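Peer 1: Chain by chain, the residues:
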Amino acid sequence: MGLFGGRKTVFVDSDVLVIGGGMAGCGAAYESRYWGRDLKIVCVEKANIERSGAVAQGLYAINCYMGMQWDENQPEDHVRYARNDLMGLVREDLGYDIARHVDSTVHKFEEWGLPIMRDPKTGRYQREGKWQIMIHGESYKPIVAEAARKAATEVYNRIMVTHLLMDKTKPNRVAGAVGFNVRTGDFYVFRGKAVIVCAGGASHIFKPRAVGEGMGRTWYAPWSSASAYALPILVGAKMTQMENRIVLTRFKDGYGPVGAYFLHLKTYTENVYGEEYESTWYEDTKALVGDYIDRHPVPTCLRNHAILKEVAAGRGPIRMVTKEAFQDPHKETVGWENFLGMTIGQAVVWASQNIDPKHINPELTTSEPYVMGSHATCSGAWASGPEDYAPSEYQWGYNRMMTVDGLFGAGDTIGGTAHKFSSGSFTEGRIAGKAAVKYVNDMGKDQPEVSEAEYEDLKKVVFQPLENYEVGRNEIVAGTVSPNYILPIHGLQRLEKIMDEYVGGIGTNYMTNEWQLNRGLELLGMLKEDMEKMGAEDLHQLQRTWELHHRILASESVTQHTLFRKETRWPGYYYRGDHMKLDDENWHCFTVSQYDRDSGKWELEKAPVYHIVD
Amino acid sequence: MPTFVYMTRCDGCGHCVDICPSDIMHIDTTYRRAFNIEPNMCWECYSCVKACPQNAIDDRGYADFAPLGHSVRVLREPEKGVISWRLQFRDGREKNFVSPIRTTEWGSIKGPAEYDAPSAEDFDKQELAHEPEYLNIEGGLPALRPDQLKQGLV
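Line order of the protein sequences matches chains A and B. All residue numbers in the first sequence are consecutive under numbering that gives the first Met the number 0, ending with 613. All residue numbers in the second sequence are consecutive under numbering that gives the first Met the number 0, ending with 153.
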């Protein structure tokens, strides 16, 4: 243990352990308490659940609401929509499950005090689009966090969970998690009979467009550090669709959202000459993906594709035509409040650059890629489906349990369920919470036990970067350059450069191929080796180090999946230059991977897609 | 910076340190006041700005794309359930916006254990807490039949 032998270890027992207190985690805590009245429900969060996760800043819309009470949509309609947007590949059993429950979640949010706008004519929720309702959501997260705090037995803020713990006797059963307190430096061992991973997806695995001070203004929160994936991957949970990274068309520099602009304000896009451009690329896109281009609405990735082609043809930038809509004072207010409610940074950009959309049509851009499971994309863990109708290939136990016993997930963690957004993530947390309580109740006396050897080993590993820094720092005069360690920012920038240049980031216009992917894996392998020499000056940098570990493992998974799928399923998200066409004959399937932490090897396989047939 | 702290207003209370989702607001050991230790990991989410009791924290847009001279100020008043914004453009134009943030009292949410406990049989059903009543529909929770899911192209 060297310099850090005296570090305190805190033990926490729980029946249900919820990792991550964002939307999914709050839903999991709430529902676990409803069903498990006498259980100990513990929620662990690396920040403060009052403002944590992707909704920390607020939201101006809830993007997943059926409106069954007014017969606006039915769950199967949402499944068809998500299937269409993801080019045919979603877990329809899981998506239907979220859609059938999500309205009750949203009705609770309103009862709790979330201001949901109403259509003055109909009295119904104000629709932004077919699936979206408009809210004044600055305090969306504090409201939801209040409900979670009332549900959980204990909430531990500022604890970065680094690893899951496995049962001492049963090889494929989870037993808890370890992490450290980023304020005190205490080591935490959480024992849990069931564990629900509700951590965040991944920003900052591909190089962002802004690499200076503005690198933090990513589309997805910079604190979304891929723990959703790394925690389950490391204990051998199977993952699916990790190649399905997402690229967002957003307002330039601030990545301000466009949904309300398109759907509610009825603004539209044009090229630099004021021309419509999507039809220019219709035949080109059809040659790549066939009749998927004829579906409505046009899939998100294909709309990106037209933008990329138009800009490459020299007719960029693509701009949002706002000048007409913003003459209406109500629409102007909605346009600005939309940013102030969820992407304040875009308002800052426009104020700083004198961009008033009433007078100037603002530029759009395509973002760097992100890996997450709740927007127009569906990377994540391979999970068991609902008991009442999921096909046998999708059902091996409790709803939302991964392929590791007792390990559940929700939100960004669970794969195959695109378009769940904030409300769907909370709802999926509820589904997982009920199932986890059932699992704990059914367990009886056969309870998991953590291994002292395992957590003591992890304790050394977790704090090693502090020791590396302490020792190495004494050898140099000053500054950040040492032959013996690299700092978290160094490792992060190397990761982003590898992913950008070899795995289809902005630097190659989202293009990659087999050779590049294999080279990317070699370089990621060296980065993984170098991670043993990470130096952390303090506990904050130690948190950054473990976030980087999680990002690297998720990146490796993304690269392996991208290599495995020999087609271009989502042009506009990424391109396999050596397999440019969509190939339904061979690849109308899910990709599923499993990592072996002892050998470091990945196994990839295909899994069947089941559709709701009418 | 993007967020930064005015020396004369900060009293070192640490609310910003406690709330920052990115763990980048820390207390300077010499001045005993808060500052942003890692501006390039700031999302400009304004959680710290809203939480500061002294209005000591402001935002200066990211230096790599935001010209100086702008200002986006906020006043969040949870007890009134309102948030107010003032934007100032580089050229001096101003815009003001006010929005509601909550319709109920803070702390008023009824916890899940305050409802009647579910029965053992309820575990075997698909309904979650407060269902089916909170769906507000006739006919109960929708469900698929297993034979409605098939392999193949659609």
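It should be emphasised that the hints constitute simulated quantities derived from the structure, not laboratory data. If you're wondering where the values come from, they're calculated on a predicted model, not measured in any experiment. Heads up, the beta-carbon is just placed ideally off N, CA and C, and yes, glycines get one too. It is possible that part of the hints are untrue.
[To be verified] Just some of the chain B residues that point at chain A, by a computed CB distance under 7 Å:
| hint | residue |
| --- | --- |
| 1 | Val97 |
| 2 | Arg101 |
| 3 | Ser118 |
| 4 | Phe122 |
Peer 1: Out of the numbered hints, which ones does the structure contradict?
Peer 2: Hint check: 1, 3 fail, others pass.
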